Amino acid sequence: MHPLSIGKEGEEVVVRCLDCHCDDVCRLNELGCVEGARGRIISNQKSVILQVGEARLAIASTLAKTILVSPQ
Amino acid sequence: MNKEPLSIALVGNPNTGKSTIFNALTGLRQKIANYPGITVERKVGTTIIGGVLHKVIDLPGAYSLNYKKLDERIAYETLIGSYEHEEVPDLVLVVVDSSNLDRNLYLASQVMDLGIPVMLVLNMTDVAEGKGIKINPDLISSSLGIPVVAISAKNKTEIEKLKGEISNFDLSKPEALKWNPDDSLKEAMDLLINDWIKLHTDIPDRAQAIEALRLISEGDFKDAFYTFEDEGKGRATIRKAQQIIEQGGGNPMAAEVLLRYNFIGESTSEAATHSAQSEVSITDRIDAFVTHKVAGPVIFTLVLLFMFQAIFSWATPFMDMIDLLFVEGGNWVANTLPDGMLNDLLVDGVIAGLGGVVIFLPQILFLFFFIYILEGTGYMARAAFVMDGFMTKVGLHGRSVVPLMSGFACAIPGIMATRTIENWRDRIITIMVLPFMACSARLPVYALMIAAFIPSTTVLGIFTLQGITFFGLYIFGIVMAVFAAVVMKRIFPTGQQTPFIMELPAYKMPKWSVVFQNTAERGKVFITEAGKIIVAISIVLWFLASFPKTEMPQVVQSESTEYDSSFDITENPESYQLRHSFAGRFGKMIEPVIEPLGFDWKIGIGLITSFAAREVMVGTLNTIYSIEEEDGESSTLKEKLINDVNPETGKPVYSIATAISLMIFFALAMQCMSTIAIVKRETNSWKWPTAMFVYMTALAYISSFIAFQIGSNL
Chain A
83 MHPLSIGKEG EEVVVRCLDC HCDDVCRLNE LGCVEGARGR IISNQKSVIL QVGEARLAIA
143 STLAKTILVS PQ
Chain B
26 MNKEPLSIAL VGNPNTGKST IFNALTGLRQ KIANYPGITV ERKVGTTIIG GVLHKVIDLP
86 GAYSLNYKKL DERIAYETLI GSYEHEEVPD LVLVVVDSSN LDRNLYLASQ VMDLGIPVML
146 VLNMTDVAEG KGIKINPDLI SSSLGIPVVA ISAKNKTEIE KLKGEISNFD LSKPEALKWN
206 PDDSLKEAMD LLINDWIKLH TDIPDRAQAI EALRLISEGD FKDAFYTFED EGKGRATIRK
266 AQQIIEQGGG NPMAAEVLLR YNFIGESTSE AATHSAQSEV SITDRIDAFV THKVAGPVIF
326 TLVLLFMFQA IFSWATPFMD MIDLLFVEGG NWVANTLPDG MLNDLLVDGV IAGLGGVVIF
386 LPQILFLFFF IYILEGTGYM ARAAFVMDGF MTKVGLHGRS VVPLMSGFAC AIPGIMATRT
446 IENWRDRIIT IMVLPFMACS ARLPVYALMI AAFIPSTTVL GIFTLQGITF FGLYIFGIVM
506 AVFAAVVMKR IFPTGQQTPF IMELPAYKMP KWSVVFQNTA ERGKVFITEA GKIIVAISIV
566 LWFLASFPKT EMPQVVQSES TEYDSSFDIT ENPESYQLRH SFAGRFGKMI EPVIEPLGFD
626 WKIGIGLITS FAAREVMVGT LNTIYSIEEE DGESSTLKEK LINDVNPETG KPVYSIATAI
686 SLMIFFALAM QCMSTIAIVK RETNSWKWPT AMFVYMTALA YISSFIAFQI GSNL
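Line by line, the protein sequences are chains A and B.
My numbering puts the first sequence at residues 83 to 154.
My numbering puts the second sequence at residues 26 to 739.
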């Protein structure tokens with residue numbers, strides 16, 4: 083398990099833990115980024131673009147550090 | 026078949042084609058206005074299905090019923106039946122993006138819990154097919170227990186199919202809580218409903234469960250949604266409900282979400298199948314380039330440069346045509362009507378003032394046309410993402426980019442759009458710097474000054490000096506906004522940071538009919554809303570500039586005759602009349618204050634009137650110069666400014682230094698009463714609009730002073 087912020091481009095991941103402020107958890111959840119969701123890292127240049135299902139989420143680096151993922 | 030008129034609400038996530046369906050259903054039978062007391066747009070129209078006239082409401086887009094913004098709250102309140110200005114719909118059409126089904130069904134599953142008849146509209150089926158997604162609407166319908174219709178709203182015949190489904194729907198209500206909340210969540214909901222919601226709110230029974238779930242996941246009352254009799258007790262009840270879930274091993278923030286997504290996953294597992302696609306899609310390839318940390322900001326700058334160059338050069342022929350039309354129209358009216366006050370009022374007041382506004386319509390239309398294209402293609406969200414790192418450094422937020430870019434059109438929707446910024450400090454800084462973005466109201470002044478005083482020299486083969494100056498003014502506004510944000514970041518204490526997160530919609534061709542329709546709507550709003558004020562002010566100005574009637578003294582070369590020191594032998598009677606009018610006297614009074622900026626009393630009158638709205642400046646100058654114009658003479662305002670000579674010095678009133686000083690003043694000064702009013706409303710205090718007015722106007726005065734003094738001494 084590692085923070086999303088250090089994931090590699092193209093890496094297939096499973097969201098394991100959202101260790102961020104409750105408002106951010108709510109926002110991530112409603113966008114489909116829930117614990118257990120499978121995704122793919124599209125881009126990681128400090129900020130991350132994560133594909134979760136068919137939704138493509140742009141996530142700030144500070145927030146990406148608090149999202150723990152594991153390889154699929 | 027439904028023979029009763031229905032109230033049909035359209036609900037859905039942003040970028041699902043909801044507005045396209047609304048436009049297709051209602052056609053020209055629609056009305057766009059603000060909800061009472063707020064500036065959220067209410068789109069309502071009618072559609073005829075099977076000979077019955079139904080009302081259609083396009084509710085603001087939302088990702089869930091856990092509202093974060095005012096427009097989402099209106100959608101929520103309407104659906105739960107708590108919004109006094111909107112009736113509870115008889116039927117809700119939940120519009121979903123078929124290419125992103127699971128995420129979209131989250132909102133649908135919440136709406137299904139509200140006890141209102143629901144129909145699911147699977148839109149963008151063509152996009153889904155393009156992505157290799159095959160959907161079986163019948164299977165989804167039987168899983169969710171609601172009617173499902175699959176369409177592509179671009180296709181007219183499929184809109185007829187949707188109408189047919191609406192006509193045949195028996196309006197049965199869906200089963201609430203079909204996603205099956207677990208025991209601890211049910212217990213927590215019951216506690217909140219019985220101990221708080223039933224006792225302290227008017228929320229109808231059918232919507233109490235959804236309100237309980239909202240309070241559990243939020244953990245607090247985010248705002249004064251309803252009047253609390255005992256807020257402390259409410260908070261304690263919410264905490265108790267959360268503890269029940271924690272004791273059951275769940276997370277109160279995520280319990281509902283996870284159960285809903287499980288239900289959605291089960292419902293779509295067989296109904297939506299994905300065929301193997303190439304690992305790297307076209308969107309991936311474009312994103313790799315457009316969101317690149319180096320290429321991204323360069324592309325963003327080039328997009329803006331192209332946009333503003335195009336606005337300036339493409340609009341020019343249309344503006345010349347409008348200008349000519351009003352000049353010729355004015356001449357025709359002047360020659361047709363008998364001489365007198367009515368003739369003067371119509372020609373110098375109404376037509377001159379109106380012409381000064383309408384002439385800028387082409388540029389306004391081009392600006393919004395580009396903004397809607399950027400939104401429609403999906404690039405706007407990428408721009409926000411690309412700029413987030415930079416914005417955070419200067420004290421703003423990635424989400425500030427969209428309000429700031431909206432500020433190019435008008436500060437008011439931009440300031441309203443700051444509601445998407447959840448952190449108060451980020452939001453207030455964005456509000457305070459947003460009016461520096463060059464709004465469309467400044468455009469008339471910039472366009473006039475540039476056309477009159479900046480040469481149209483070609484630069485680098487494709488650009489003109491005029492286009493680059495125009496672009497430079499927009500960049501100047503951005504730089505000043507950044508500078509102000511950096512200063513404010515040091516002044517305002519750092520609170521809880523809200524990190525950037527945004528959905529990036531798939532790239533797609535914009536729906537041209539929507540782009541044109543929305544652009545036309547903005548043009549209409551500009552003409553009707555700004556035009557009303559400007560014509561009214563133009564008439565008042567005509568009066569102030571035309572009265573009291575003063576006869577120019579005869580030249581008497583007798584030494585015994587007392588000489589009128591205000592009289593200049595070279596002056597024409599119209600100019601003499603204007604200088605002695607109410608407006609002229611007032612302009613003269615303030616002239617010593619604005620003279621160091623290179624402005625004369627005529628510009629002074631324009632500055633005063635433009636505090637009502639910036640675009641009034643051009644109308645004002647048009648009125649003043651029309652009054653000053655000699656009978657039978659007809660020229661455009663641009664020519665009048667170029668040829669205007671100071672009777673005392675014999676030198677031109679406008680130099681390049683004056684034009685630059687004036688443009689800088691307009692770039693920086695807070696000259697918009699509507700913006701001040703909206704800042705007061707958004708911050709709920711006079712402190713912020715007052716501070717905004719003082720610091721922006723002081724900055725404008727100092728900057729214009731420096732620019733003119735340097736420019737005139739070069």
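No lab work stands behind these hints: they were computed from the structure.
One should not assume that every hint holds.
[Claimed, not checked] Computed list of lysine to any residue pairs in SDA-like fashion (alpha-carbon distance at most 25 Å, straight line):
no., chain 1, residue 1, chain 2, residue 2
1, A, Lys128, B, Lys258
2, B, Lys418, A, Cys102
3, B, Lys93, A, Asp105
4, A, Lys128, B, Lys159
5, A, Lys128, B, Lys156
6, B, Lys258, A, Cys108
7, B, Lys156, A, Gln154
8, A, Lys147, B, Val419
9, B, Lys318, A, Ile123
10, B, Lys514, A, Cys102
11, A, Lys90, B, Pro322
12, B, Lys536, B, Lys318
13, A, Lys147, B, Lys514
14, B, Lys159, A, Gly135
15, A, Lys147, B, Leu330
16, B, Lys318, A, Cys104
Treat the numbers as computed from the prediction; the structure is a model and nothing was measured.
Okay, the hints, checked on the actual structure:
Between A:Lys128 and B:Lys258 the CA atoms are separated by roughly 44 Å; this puts the pair beyond 25 Å, and the hint is violated. With a CA separation close to 21 Å, the supplied pair B:Lys418 and A:Cys102 stays within the 25 Å bound. Under the criterion of a C-alpha separation no larger than 25 Å, the hint pairing B:Lys93 with A:Asp105 is consistent with the structure, at around 10 Å. For the proposed pair A:Lys128 and B:Lys159, the alpha carbon gap of about 35 Å is over 25 Å, so the pair is violated.
Our distance criterion of 25 Å between C-alpha atoms is broken by A:Lys128 and B:Lys156, whose separation comes to about 28 Å. Note on B:Lys258 and A:Cys108: the hinted pairing holds, with a Cα-Cα distance of about 24 Å set against a maximum of 25 Å. For a cut-off of 25 Å, the pair hint linking B:Lys156 to A:Gln154 stands: about 22 Å separates their Cα positions. This hinted pair checks out: A:Lys147 and B:Val419 have alpha carbons roughly 21 Å apart, not beyond 25 Å.
Note on B:Lys318 and A:Ile123: the hinted pairing holds, with a Cα-Cα distance of about 16 Å set against a maximum of 25 Å. This hinted pair checks out: B:Lys514 and A:Cys102 have alpha carbons roughly 24 Å apart, not beyond 25 Å. A distance of roughly 22 Å separates the Cα atoms of A:Lys90 and B:Pro322; the hinted pair therefore holds under the 25 Å criterion. Proposed proximity of B:Lys536 and B:Lys318 is contradicted: the alpha carbons are some 29 Å apart, above 25 Å.
Pair hint A:Lys147 plus B:Lys514 holds up; C-alpha atoms about 24 Å apart against a cutoff of 25 Å. Distance restraint check for B:Lys159 and A:Gly135: the Cα-Cα separation of roughly 15 Å lies within the 25 Å cut-off, and the hinted pair is therefore satisfied. The straight-line distance between the Cα atoms of A:Lys147 and B:Leu330 is roughly 35 Å, outside the 25 Å bound, and the hint therefore fails. Between B:Lys318 and A:Cys104 the alpha-carbon distance is near 29 Å, which puts this suggested pair outside the 25 Å criterion.
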